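Engineer: Start from the sequences and build out the full structure, keeping to the hints where you can.
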Amino acid sequence: MALDEVKEIVESGENYDTDKEFKYVGTRPDRPDGLDKVTGRAKYGADHYVANMLHAAVLRAPHAHARIVSIDTSKAEAADGVKAVVIGTDLPEGLTGGDLHLQENTLARDKVYYDGHAVAAVAATSALAAKDAVKLIEVEYELLPHVIDVDAAMAEGAPVIREGEQGPTVPEGMHPNVVNYIEFGHGDLDAGFDAADLVMENTYKTEATHQGYIEPHACVGQLGDDGKGEMWVCTQGQWFIRKMCAAVLGLEASNLRVTPSEIGGGFGGKTTIFSEAISLALSRKAGGRPVKLVMTRSEVLRATGPTASTSMDVKIGMKNDGTMTAGKVVFRMQGGAWPDMAPTGMALNCAFASYDLPAVYHEGYDVLANRPKAAAYRAPGSPMAAFAVESLVDEMTRKLGLDPIEVRIKNGAKEGTKSSYGPTYKKIGLLECLEAAKAHPNLAEKLGPNQGRGVAAGFWFNHGGETSVSMSLGNDGTVTVSAGTPDIGGSRASVALMVAETLGIPYDHVRVNIVETGALGFNEPSHGSRATFATGKAAVEACNQAIGEMCRRAAKRWGIDEDAVEWKDGAVHPAGPNAGEFPPMTIKKIGQTMGRSGGPISGHHETTAGGVGESFGAHVVDVEVDPETGKTTILRYLVVQDAGRAIHPSYVEGQYQGGAAQGIGWALNEEYVYDDMGRLQNPIFLDYRVPVASDLPMIDTVIIEVPNPGHPYGVRGVGETGITPPLPAIANAIADATGRRLRHLPMTPAKVLKAIKNG
Amino acid sequence: MVEVNLWSGLRRFTDGELVVHVEADTVGKMLDALIAAHPDLAPVIEAGLSVAVDGEVITDAHHTPIRPDSEIFLLQQLKGG
Amino acid sequence: MKYHTPASFADAAAIAASASGVTRFLAGGTDVLVQMRSDIVMPDDLIDIKHIDGVKDITQNADGSWTLGVAVAGAEMSEHPTLGKDWPGLVEATDLIGSTQVQGRATLVGNLCNGSPAADSVPAQVAAGVTMTVTGPNGDRVAAVEDLPAGPGRLNLEKGEVISAVHIPARGDNAGDAYLRFIPRTEMDIAVVGCGISLRLDGDTITEARVSLGAVAPTVLLVEDCAKAIIGTTLDDAALDALAKAAEAACNPIDDKRGTIEFRTDVAGVLARRAAKIAYARAKGE
Amino acid sequence: MSNKIHVSTKVNGDAVEFLCDPRETLLDVLRDRLNLTGAKEGCGTGDCGACSVTVDGRLICSCLMLGAEAEGKEIGTIEGVAEGGELHPLQRKFIEHAALQCGVCTPGILVAAKNLLEKNPDPTEEQVRYWLAGNLCRCTGYDKIIRAVLDAAEEMRGAA
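Protein chains in written order, with this note's numbering: chain A, 28 to 786; chain B, 73 to 153; chain C, 2 to 287; chain D, 403 to 562.
For the record, the hints were derived by calculation from the structure and aren't laboratory data. Mixed in with the good hints, there may be bad ones.
[Said to hold, decoys possible] Facing chain D, from chain C, some residues (calculated, C-beta under 10 Å):
#1 Ser39
#2 Leu47
#3 Glu77
#4 Val103
#5 Ala107
#6 Arg186
Note that the structure is predicted; figures quoted are calculated from it, not measured. Just so you know, even glycine gets a beta-carbon here, dropped at the ideal spot from N, CA and C.
Structural biologist: This is the structure in C-alpha cells:
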C-alpha cells in the first residue's frame, strides 16, 4: 500500500477495501495466551501475591434499606493482625453525580440501599484474621421501608429511595423513584395501527440476572500517603478503574498505575468499580502496605452488577400478509438504587431495530429500587427488548398463520432503512442472516410430540470508543503490540492476525501485550464488542505508520524517492521506475539495522474509533417441554450472525455460542429471588442457576460476512448480539410446543406447568 | 445549516421543536450551537448522549465532521457490555 | 476451631460429649465446609471420623444385607460391582448428590445428617429400609433412617451421639427400587421434589412397598398411604392414579426460592408414578 | 489463638509440608501456602469446579476439603497435568479447538476431563457433559469444550 493511500484512509476513517484475499485473516491459529491458560500459569486477579501484603474483608449490610445510626469499629481495630479499618466517612466528601454514586456504592455513608451494600472493611495479616475482625464491627441500623419490584417502585406510596435525583425530562407528578424519562419515535402511529388487520398488545416482564463470570472481582491495591499508588486488578478496562478509583478517593489519576491481570470473564460487569477503591483506602491507612481484596461468590451476586429487571408493554400492528404497520413500546426498568444504571434508552433503541416500520413510538422510565447498582451486561437492554417485541411478533405471526422467518424477512431492516431509533442504516446483514437460518438443515428436522421451534432476531449497535495502540519493531524483525483492551475471549489472537496480515509477517512473529495505564493513552474497556474492532483498527493504523517509516528508511538507504517504494509481504520493494533495481529489504533486515538507519521503529495510533458497523443475528431453537413437570429441554440451537468479517472464526463462533448459552440461562432459570425483607435469597451458584454442560446441546453456528466498510478488514463487533434472541426464541418455541405463551422470564418449570394446567 | 433530529422527550426544551437547524461543521460545534439556541438542553447534553451522523452512532467523537446534508440524530447515550 | 482425628467411634463420641461449643463431624465435608465458608456454622470442634478403621468399607454380609462405613463416598458406592445391582435406586440417588467432584467426597450419612428434607439419598434410604448404628456415650443403638430427621437441619441424636455404621437390608428376590427427583437443570440443583420407592412382587402383584417423598415437608416422609395404594395391585393405571393422589395428599410443602407449594404437590404425584414404574420393572427383572 | 496443624503430603508427585489453620481449605493451602494458583476459587461452595484437583486419584473440589485432611494423600493439580514439559493431549486439544475464552474455568475442566479419560477412555458426548456438569463455564456454551475432550479421547485411544 502506498503512503498517500494509507494517509487518505486514516483521515477518512472508512470505506476500506474489504474485498481483498487474506493470508492470515480468517484462519484459526492457536491463541497466543493459550499455553498459559491450559497450564494454570496465567495470572488472574486473585493470583497476584506481593511482599508485605495484607488481606481485606468487607462487612455488608443485611438490610434492603436502612439508615446507618452508628458504626463502632473499635473491637475490630483491636483484633489480632488488624492493620486498618475503613468506613464510608473515611472517604473524601464533596463528590457529585456519577462519581458520588460510585463512592456511595463503594462504602455506604449515611444509608444502605440494598442487601449486601458495603459498610466497612478491614485489612489484616491474613484472610482469616480479616474475616474474623469484620464480625467484630458493630453497626446500628434504623430500618426503612424498601421496594424491589419495578412497577411497585413507581406506584403511588412506594418508599422514596432518593430525593432530588429526578432528571429534567421526567414529567411532573411522577414518583421520585422515576429518575429518567425517555420518549421518541417517528411516523404516524395512529395511521399505522389503523392500516393493520391485526393489532395486539401485551405486557412482558424480565427478572434481574447476573453476568455470572466465574472469576470473582479481585485486586491488590497499594497507596501511599503521597497519593501515589498501584493496582493489579481483573477488569475489562484499566483506565476506567484508574479514573473511577481516583475520583472516589480524590487522587490524581496519573498517580495511580493500574495493571490488568488476566480476566476470568466480564460480560460488562467488570467495566466499573465495586470494592476496588476499598483496597486502596485500606492500604493508605495501613502505611502503604499492599492490600488484596477478593470477593466471595456471595458478595459478587449480592453486590456487583446484575442487570435491570423490567416491565414492558408492546403494541404492534400487522397486515394479514405479515406487513408490520406500526409499533409502540413502553418500558419500565429498574437498575438498583442509583439513577441511570438501567439500560432503558438502549433497550428502547433496540426494540424495533430489526424492523423497517413506517411508524414507531418508544417511551421509557428509569426507576430506582432497593437492589444493587446495575452494571452493563452483554448488549445492555437489548435482550429484554427483544423478549418483548419478538414474542409479540411471534404471537401475531402464529395468529395469522404465517412463517416466522418470512415475516421477519418481509419487514427486515436493510441498507437504506430508516432505523426505529432514527438514523438510516448503512450496509447491514440482517436479511442475509435470516436467509441463512431459513436454509439451515436444523429447520428440516421434524418435531415430535411436546416439541416446538422458535425463531427470533437480535441486534446490537457495537461500539468504537477511545483507543490507543502502539507497536514496535524488534531487532529480529518481530513485532510487539501494546494494547489497552484486556483479552477476554481471544482478542490477542485476532489483533495479532490483523497485524500479521497488515505487515505481511507470520502470525507468530507478532506478540500482543495488554499493558498498564502508564504505557498508553486512555483506552475504554473491552466493552461494546469493540476490542477486535477498535484495537484491531488502531493496531492496523499503527502498523501503517511503521510501514511508512520502514519505506522511508529503505528509500533513503537505496537513495531513491520515498514514494518510489512499496510495502509487500513483509518487505520494502522498489516500485515504479526503480522496480527490480534493489532486492527487497525485509522487515528482519530493517529490524537488524534500525539502530544504524535512524533508531527504533514503532507505530502508534490513537482515536475515538469511528466506522462502527451494526450487528444483527437470527436464532432458531428446538425445545421439548415435559407436559407433566413443565421442564424445558433444549434439543437443537442455531445461531446465525453477521460478523462483518471473522478474523479468527473459532473465537467468533465462541462468542455466538457463549451468548446463546447465557441467553438460554436467562430465559429458563436465572433470576434474582428476594424475600419479603428485600434480601437476596440465592447468592450462590447452587441457586443462581447458570447453564451447566449437561443442560445444553451443541450450539450450531453460521458466520455471515457482510463486511463493514468502516474497518480495514471489515470487522463488526461479535460479542453482544448473541445474547439477544435466545430469550424470545425460547419463549416462541415453548409456545409452539405447548400452545401456551409465557410473558414473564424466567420460564421455570413451575411457570410453564402452571400455564399448561391453566390453559 | 445542518438539520438535527432530537428525541421527542427533548421537545419541552426546544419550544416544541423536534427538528432544530444550527450552523456547525463538527459534532462538537453542533452540540454547542444547540445549547446556544436552546439553553435548557444544556443539562441533557452535558450529562452525555450519543449522536448518529449519517447512520453511524458515535458517542464521544465530537471532532467528527458533519456536512450540511448530513443526517443527524441525538440518541440516549450508548454503552456496551 | 479444633480439628480432631479420633481413632474410634467411642473416642469420637467422647470428644463430642465433652465439647462445650458447636460440634460437627467431618466425613466428606461437602455440607460442613460450605456452612463454614458461608458463615452459617463455625464449629468449635470439628471431629474428622475418617481415621477410624472400617469407615471406607463396603461389606455384604452372609444374609445378603450390606454394611457400609460412614465415610464411603457416593462415587465408591457407584463403582462397587454388586451393590448397585441390589439397590440401584439407592445408588442412583446417592449419585445424584452434587457434581462428580462432590461425589468423590459426599456420603450417605452426611446427606442424612445435614438434615435437609430435600436430601437426594434420604428418600431412597427410607424406601430401602436403611438403618444406622448410632454410637453414643452410653454405647450403641440402631435407628431407622426415617426416625432420625427431626426437622430442617435437626436430627434425633443426643449430644455425643455419632452415626457409626450404615445397614442396608438384604434385597431378596423379586424386588426393585428407584429414586427420581425433580430439578430445574439437569445437574447441580437441590431436589424440588424427590421420591424413593422400593417394592416386592409375587408374580405381577406387589406384596411389599415403601414409598418416601423428599422436599415436600419439614422432613423426608415415609408415606404409608402410597404403599397401600399399590400393594395388592399390578401397578395398573388405577393403582398409579391412587399412588399419585396419595403422594399429593401427603405433601405439606412450602413456597421458597426452589419451588412453589402447587408445583411441588403436582410433581410429587408425577414422580411417584414414574418411580413406581421403574421399581416395578426392576422387580420384574426387566 | 492460632492452633496450626502440620501436614505432610504429596503434590504432583513432590513431597511437601505446610502448616495451616484448621479452617483453611485445601484450595487455600494450594494457593496461599504452596504458590500453586492454577486452581481457582469461583464459588467456595463446590458449585463451580474451578478448584478441581485429584486426591489419591479421586476428583474433588479443593474448596470442599480441609488442608488438614491432605495428610498422607497424593494431590494432583493443573500444574501437574503436563508431564515433563509435554502438554497432555487435552491441553493441546483445548488450544486447538478454541475451547477456552477467558480461561479461568480451564484448569478445573482439564483436571476433571483428565480424570474422566483415565476412568473411561471412550466416553459419549452425554457422559462428558454429565461428568463436567460441576465445572461451570460462562464463556463458551460448552460446545468447543466437549468437542476438545472427545477429540483428545479419540487421539489418546489411537495412541494407546
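Engineer: Each of the hints needs a verdict: does it hold here or not?
Structural biologist: Results for each hint:
This hint holds: Ser39 (chain C) has a C-beta 7 Å from the nearest C-beta of chain D, less than the 10 Å allowed. With 10 Å as the threshold, the beta carbon of Leu47 (chain C) comes within range of chain D, its nearest partner Cβ sitting at about 7 Å, so the hint holds. Hint status for Glu77 (chain C) relative to chain D: holds, with the closest Cβ pair at about 9 Å, below 10 Å. Taking 10 Å as the C-beta contact cut-off toward chain D, the hint placing Val103 (chain C) at the interface holds, the least distance being around 6 Å.
Among the interface hints, the one on Ala107 (chain C) holds; its C-beta lies about 9 Å from the nearest C-beta in chain D, closer than the 10 Å criterion. Interface restraint check: Arg186 (chain C) against chain D, minimum CB-CB distance 8 Å, threshold 10 Å, status holds.
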